[in-house]
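K.L.:
Let chain A serve as the given structure and place chain B on it in line with the hints.
These protein sequence lines map, in sequence, to chains A and B.
My numbering puts the first sequence at residues 72 to 532.
My numbering puts the second sequence at residues 112 to 306.
Among these hints, one or two may not hold up.
Below, computed lysine-lysine pairings styled on BS3-like, alpha-carbon distance capped at 27 Å [as the list claims (entries may be wrong)]:
1) Lys160(A) to Lys167(B)
2) Lys171(B) to Lys132(B)
3) Lys161(B) to Lys160(A)
4) Lys117(A) to Lys160(A)
5) Lys161(B) to Lys132(B)
6) Lys161(B) to Lys171(B)
7) Lys171(B) to Lys160(A)
8) Lys132(B) to Lys167(B)
Bear in mind the hints are in silico, worked out from the structure with no lab data behind them.
Since the model is a prediction, treat every value here as computed from it, not as a measurement.
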Amino acid sequence: MTQSIERFREQLVDYLYGELEGASLREFEASLRGSEQCRRELEAMKETLRISREGVLLLRALDGAAPSRVSSAVLAAAVEGARERAGAKAEGARERAGAKARGLVAEPPAAGASTRQSTPSLWSWLRTPWLLPTLGVAAAVSIVVLHKRVETPKMPGYESVSEGVGSRAEEPRAATERSDDKSGGPAASDSYAPAPASPSAVGGGAASPLAQQAEPVASAEPRPEGAAPDRMRVRAERKRDQAAPRSSGPSADRLRAAEQAEEELAPPAPAEVAASDDQGAPSKGYAIPPPAWTGKAPDESAKKEASEARRASTASSRSEQREAAPEQDTASGSLAAGGAARGAGGSAAPAAPAAKPTSPTRAASSAPAPAQPAKSASASAPAPGAPADDARPVVAAEPTTRAPEESVKRALEHMTARRFSQAAVAYRELLARYPKDPRAPDWRKQVTEAMQALSRVDKIP
Amino acid sequence: MTAYQQGDVAAFAELVARHEKPLWNFLRRFVRDPSTAEDLLQETFMRVVKGAGEWKASSKFSTWLYTIGRNLCVDHARRATHRKAVSLDGQSGAHAEEDAPRLHEQLSGADPGGERRALDRELAERLDRAIAALPELQREVFVMRELLDLPFAEIALAVGASEPTVKSRMRYALERLRSELGALHEDRTSVEVES
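If we strip away everything but chain A, and leave its shape as in the complex, we get (with noise of 0.2 Å):
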């Protein structure tokens, strides 16, 4: 069967210019055999095309030239053109060249570019290949640093070193914000809690719950320089605490007498100073603002007798723990029992928050303390501003007959008003008396932080 006109039609031209060829070819023969009509039109196109030819060959013949005006201007456009690509292949190759240069691959300028060298770019210089391990190793040791810096302060040695002291490096800052803060929150009002000893004096408030509460201000406050020297200075003074005799002795005597006149040495609270200032009258609590820091440094001669005073303390204390060991056993075997427990993580004694007095009261002042309020309202307290070798009647006058709970609240009341020396004995003959007791754990960690408050006596400024 013969494909259809108009499929004819379609293969025609293909067939007149010879580009019909295969299935196809024999397709358009098989119509030009069966169709008359196919063989007809073909026939008519091709005279068609063999007319047209003939007279394209004559109008080639006839053809003209082109004008040679426009041969001339193109021509003349085209070497200008040639000249701008030169210009732009120059450019682009000082542009090459400068990019490795910024590279730092050392290469030649290319041949025919200019010495004019470009401007290098913020890409190009970002598409260094120094550049990202440069920023990496920059990163890193960044992060190094904020790291050491962020982990230092929680370094537990020096918490309980810095805030166990008050931190009397400080005392300008501490005194300042105190200053701002005459009106501030509960919490930094009470932590200016006096001894309970002169409640008039407190303004009602209850030192010990509300020291513990006072705990977090004292945390916040910055590490005084030197830190690192003070804490092996506590860690020896620790392990000097457990060695030696706790509850009597000249050495007891001695280091008795160092923390009374640590306490000498130290500032009032404010608290105390109002209640001293204003005998009998009602508490101003913290209306009476600390003195200020005056920069002064303390009397030397006090500081250095208390000093001495610990260091006699502690050589006694070794030779007497020598002679009367079988005494101490029992005490001396509790503390190191504490001390393992807490070299151990300390899980078992719980927190102390009155351990941590924080450091605005004391540190207010570098004045030699006046006569102190709860002293003089205990009936063992010793006389204000009495010698450090007056300091015994302090410990002597602790009834170690008395119930527990009351010596607890005793000691607990001494380390609260920051009468380190006098908590600590307390302490340790609560520890002596009742070894067995289960808040032994406690009163040795509370024997622990008052021994490196007194530690930092001769660190003052």
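P.N.:
Same frame as chain A, but now just chain B:
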């Protein structure tokens, strides 16, 4: 063209010499105005110069050249649709009179005397008119194929149409020429038989 891209102006001059005449005649037959064709010829080569840096060796230069020329012609035709097509014998303008002699003068001058030569002159004139009378799409295809000897594939690229479409336009152009040249065909056949 590659040589010209590298700065060889002489190579471009050779290109101009090779393609100037066919392009000129293509443009002249397309726009039917020698002065316009001259402008378009110059513009075509100028665009080649400007675009020489972008030309890729994978494409054929003639195809690119005629594509530029054809697009210029189309743009010109769109801008001047009011212009009337001018016969080769009715050329106007100084350049046309100076540079392009009339067709019958060329034919008579080429081979004076003889009936056959008269028929050739008539054939040339009638074919020229028939081409001019073709629709634009058919005319450009016929001119490119028969006068410029471009293959259908290149024509398709130049005019932006598919190859079957170009062939279809070619077939319509031949049918239209057949009707225009039919009488002439019979006359030429009788002359050939007598001779």
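K.L.:
So, for every hint listed, does it hold in this structure?
P.N.:
Going down the list of hints, with the structure as the test:
{"no.": "1", "hint": "Lys160(A) to Lys167(B)", "result": "holds (17 Å)"}
{"no.": "2", "hint": "Lys171(B) to Lys132(B)", "result": "holds (18 Å)"}
{"no.": "3", "hint": "Lys161(B) to Lys160(A)", "result": "holds (15 Å)"}
{"no.": "4", "hint": "Lys117(A) to Lys160(A)", "result": "violated (54 Å)"}
{"no.": "5", "hint": "Lys161(B) to Lys132(B)", "result": "holds (21 Å)"}
{"no.": "6", "hint": "Lys161(B) to Lys171(B)", "result": "holds (17 Å)"}
{"no.": "7", "hint": "Lys171(B) to Lys160(A)", "result": "holds (24 Å)"}
{"no.": "8", "hint": "Lys132(B) to Lys167(B)", "result": "holds (24 Å)"}
Hint check: a violation occurs at hint 4 only; the rest are consistent with the structure.
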